[in-house]
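Chemist: Sequence:
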Amino acid sequence: MYNEIGFETPHKAMDTYTISTPYGTVTISQGGRRVTFDLYSDIRQSRHNTALFGYLQQLLKKGVTQFNTDHLNLAGRDISLSLTRGKAKLDLVYVRKGKTYDCELKTSREIGLDLTAQQITEFVKWCDPLILLVPRG
32 MYNEIGFETP HKAMDTYTIS TPYGTVTISQ GGRRVTFDLY SDIRQSRHNT ALFGYLQQLL
92 KKGVTQFNTD HLNLAGRDIS LSLTRGKAKL DLVYVRKGKT YDCELKTSRE IGLDLTAQQI
152 TEFVKWCDPL ILLVPRG
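Residue numbering for the sequence shown follows the working numbering, starting at 32 and increasing by one per position.
Just so you know, these hints were derived from the structure itself, not from any lab. Treat each hint with caution, since some may be false.
Unchecked claim - DSSO-like, lysine-lysine: derived pairs with alpha carbons at most 30 Å apart:
| # | residue 1 | residue 2 |
| --- | --- | --- |
| 1 | K137 | K156 |
| 2 | K128 | K93 |
| 3 | K128 | K92 |
| 4 | K118 | K156 |
| 5 | K137 | K92 |
| 6 | K120 | K93 |
| 7 | K156 | K128 |
| 8 | K118 | K137 |
As the list claims (entries may be wrong) - Here are the in silico distance ranges between beta carbons for each label pair:
| # | residue 1 | residue 2 | range |
| --- | --- | --- | --- |
| 9 | G129 | V165 | 24 to 34 Å |
| 10 | R64 | I151 | 39 to 49 Å |
| 11 | D46 | S113 | 39 to 49 Å |
| 12 | V95 | R65 | 25 to 35 Å |
| 13 | L105 | T58 | 15 to 25 Å |
| 14 | I74 | P166 | 30 to 40 Å |
Virtual Cβ for every residue (Gly too), placed ideally from N, Cα, C.
Could you build all of it, start to finish, from the sequences and the hints given here?
Modeler: Encoded structure:
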């Protein structure tokens, strides 16, 4: 009654898959055991995110295990630590020796902006202490 469409079944699964995204190419190989992601040449990590990642790496070396970040989706981050303070969102919150630390990172370009002043004014109402991170250079 129904017309059956025949498909030839491959004897061996495809070993490599390539997926293009707006940011780069994902390659899945070795039967799914290896995944690589190559960014396109015009995609770069922002100075802000690079500095935040570097600061977090230093905290991890000092034994911090409980943290949450706004711009970095890292394994091990604790999303139960809220980043929101008032109407603004912090870049990093971490717990060390039972005390919570609130961090906001601003690049040298951002430091003199009116928006930054408004954000810091909002954070000061809610954060004790507020750590303002400004990377060198």
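Chemist: Give a verdict on every hint.
Modeler: Now for the hints, and whether the structure bears them out:
1. Of the pairs offered as hints, the one joining K137 and K156 holds, with about 18 Å between alpha carbons and a cut-off of 30 Å not exceeded.
2. Of the pairs offered as hints, the one joining K128 and K93 holds, with about 11 Å between alpha carbons and a cut-off of 30 Å not exceeded.
3. Of the supplied pair hints, the one linking K128 and K92 holds, its CA atoms being roughly 14 Å apart against a limit of 30 Å.
4. Proximity of K118 to K156 is assessed by CA-CA distance (about 11 Å); at most 30 Å being required, the pair is judged to hold.
5. Of the pairs offered as hints, the one joining K137 and K92 holds, with about 22 Å between alpha carbons and a cut-off of 30 Å not exceeded.
6. About 25 Å separates the Cα atoms of K120 and K93, which keeps this hinted pair within 30 Å; it holds.
7. Proposed proximity of K156 and K128 is supported: the alpha carbons are some 23 Å apart, at most 30 Å.
8. For the given pair, K118 sits about 18 Å from K137 by alpha-carbon distance, which is consistent with the 30 Å threshold.
9. Between G129 and V165 the CB atoms are about 27 Å apart, so this pair conforms to the stated range of 24 to 34 Å.
10. Distance hint check for R64 and I151: the Cβ-Cβ separation is about 47 Å, which falls inside the suggested range of 39 to 49 Å.
11. At about 44 Å, the beta-carbon gap between D46 and S113 stays in the expected band of 39 to 49 Å.
12. Restraint check, V95 to R65: a C-beta distance of roughly 31 Å satisfies the suggested window 25 to 35 Å.
13. The hinted window of 15 to 25 Å between L105 and T58 holds, with their beta carbons roughly 22 Å apart.
14. For the pair I74 and P166, the supplied restraint of 30 to 40 Å is violated, since their beta-carbon distance comes to about 21 Å.
Comparing the model with each earlier hint shows a violation of hint 14 alone; every other hint is respected.
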